[in-house]
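A.B. asks: Single-letter residue listing:
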Amino acid sequence: EAGVAQSPRYKIIEKRQSVAFWCNPISGHATLYWYQQILGQGPKLLIQFQNNGVVDDSQLPKDRFSAERLKGVDSTLKIQPAKLEDSAVYLCASSLQPLGGLIAKNIQYFGAGTRLSVL
Amino acid sequence: AQSVTQLDSHVSVSEGTPVLLRCNYSSSYSPSLFWYVQHPNKGLQLLLKYTSAATLVKGINGFEAEFKKSETSFHLTKPSAHMSDAAEYFCVVSALTSGTYKYIFGTGTRLKVLA
Chain A
1 EAGVAQSPRY KIIEKRQSVA FWCNPISGHA TLYWYQQILG QGPKLLIQFQ
51 NNGVVDDSQL PKDRFSAERL KGVDSTLKIQ PAKLEDSAVY LCASSLQPLG
101 GLIAKNIQYF GAGTRLSVL
Chain B
1 AQSVTQLDSH VSVSEGTPVL LRCNYSSSYS PSLFWYVQHP NKGLQLLLKY
51 TSAATLVKGI NGFEAEFKKS ETSFHLTKPS AHMSDAAEYF CVVSALTSGT
101 YKYIFGTGTR LKVLA
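Chain order of the listed sequences is A and B. Residue numbers for the first sequence follow our numbering, beginning at 1 and rising by one. Residue numbers for the second sequence follow our numbering, beginning at 1 and rising by one.
Hints were generated in silico from the structure; no laboratory data involved. Don't take each hint at face value.
[Said to hold, decoys possible] In silico DSSO-like cross-links for lysine-lysine, where the CA-CA straight-line distance does not exceed 27 Å:
1) B:112 to B:58
2) B:49 to B:68
3) B:58 to A:62
4) A:78 to B:102
5) B:42 to B:69
6) B:42 to A:83
7) A:78 to B:42
8) A:78 to B:112
9) A:62 to A:11
10) B:58 to B:69
Could you build the full structure based on these sequences and the hints that come with them?
C.D. replies: Okay, here's the thing in structure tokens:
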């Protein structure tokens with residue numbers, strides 16, 4: 001079974017530029033998550049999708065961050081314009097079954113992440 | 001509200017000696033708890049999970065953890081450390097919030113294994 005795919009693995013940009021990250025979840029996984037992991041910290045949830053709908057985006061800085069999952073499969077996270085404090089690893093995860101159900105089906109599987117450096 | 005505290009930011013052990021990574025949780029109801037490992041430049045890999053079944057949980061690579069409700073702890077152990085165990089370890093509590101499960105991560109423990 002293929003895992004969660006993310007690209008690019010690394011990105012270096014200057015502040016005020018824009019950047020986009022792509023994620024392809026495990027086949028059949030309805031829920032997709034984007035996390036931000038700042039160096040030395042645990043991952044912080046940015047946005048959670050169920051199929052192509054947003055379940056939770058309460059911690060997404062909506063003035064500069066946007067995300068979409070148009071066909072309920074892969075997803076794109078965008079930052080425009082980037083700030084220095086956006087330097088982090090952006091992790092994508094997916095799980096089989098959203099919105100309650102058995103916890104066993106809500107185990108999250110993570111991609112390798114995209115490391116963003118904003119100069 | 002649910003939360004998780006990893007008591008040590010760094011742990012160093014010698015190869016072949018036991019590993020203990022400590023995690024305490026706070027939850028208003030019976031939680032589901034996980035340990036994930038993150039090797040450099042890699043994603044998070046699930047080591048083991050507790051979901052209200054047996055309190056002693058065995059995971060991959062010889063790791064295990066014991067859920068102790070009276071102590072609100074879920075410490076990760078391994079009898080004998082290997083060089084390949086050097087990584088960042090995250091304790092996670094899963095909370096059902098507004099009909100959906102969310103992960104709440106600890107701040108991580110970096111394990112160093114000395115030759």
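A.B. asks: Take the hints in turn and mark each one as holding or not.
C.D. replies: Results of checking the hints against the structure:
1. B:112 to B:58: Answer holds: residue 112 of chain B to residue 58 of chain B is near 22 Å, not above 27 Å.
2. B:49 to B:68: 14 Å, holds
3. B:58 to A:62: Between residue 58 of chain B and residue 62 of chain A the Cα gap is close to 41 Å, so the pair fails against 27 Å, i.e. violated.
4. A:78 to B:102: Holds, at roughly 22 Å.
5. B:42 to B:69: 32 Å, violated
6. B:42 to A:83: With a Cα-Cα distance of about 24 Å, the restraint between residue 42 of chain B and residue 83 of chain A holds, given a limit of 27 Å.
7. A:78 to B:42: Satisfied, since the Cα-Cα distance of roughly 21 Å is no more than 27 Å.
8. A:78 to B:112: Distance ~35 Å between residue 78 of chain A and residue 112 of chain B Cα, so the pair is violated.
9. A:62 to A:11: 21 Å, holds
10. B:58 to B:69: 17 Å, holds
In terms of the numbered hints stated before, the structure departs from hints 3, 5, 8, listed from lowest to highest.
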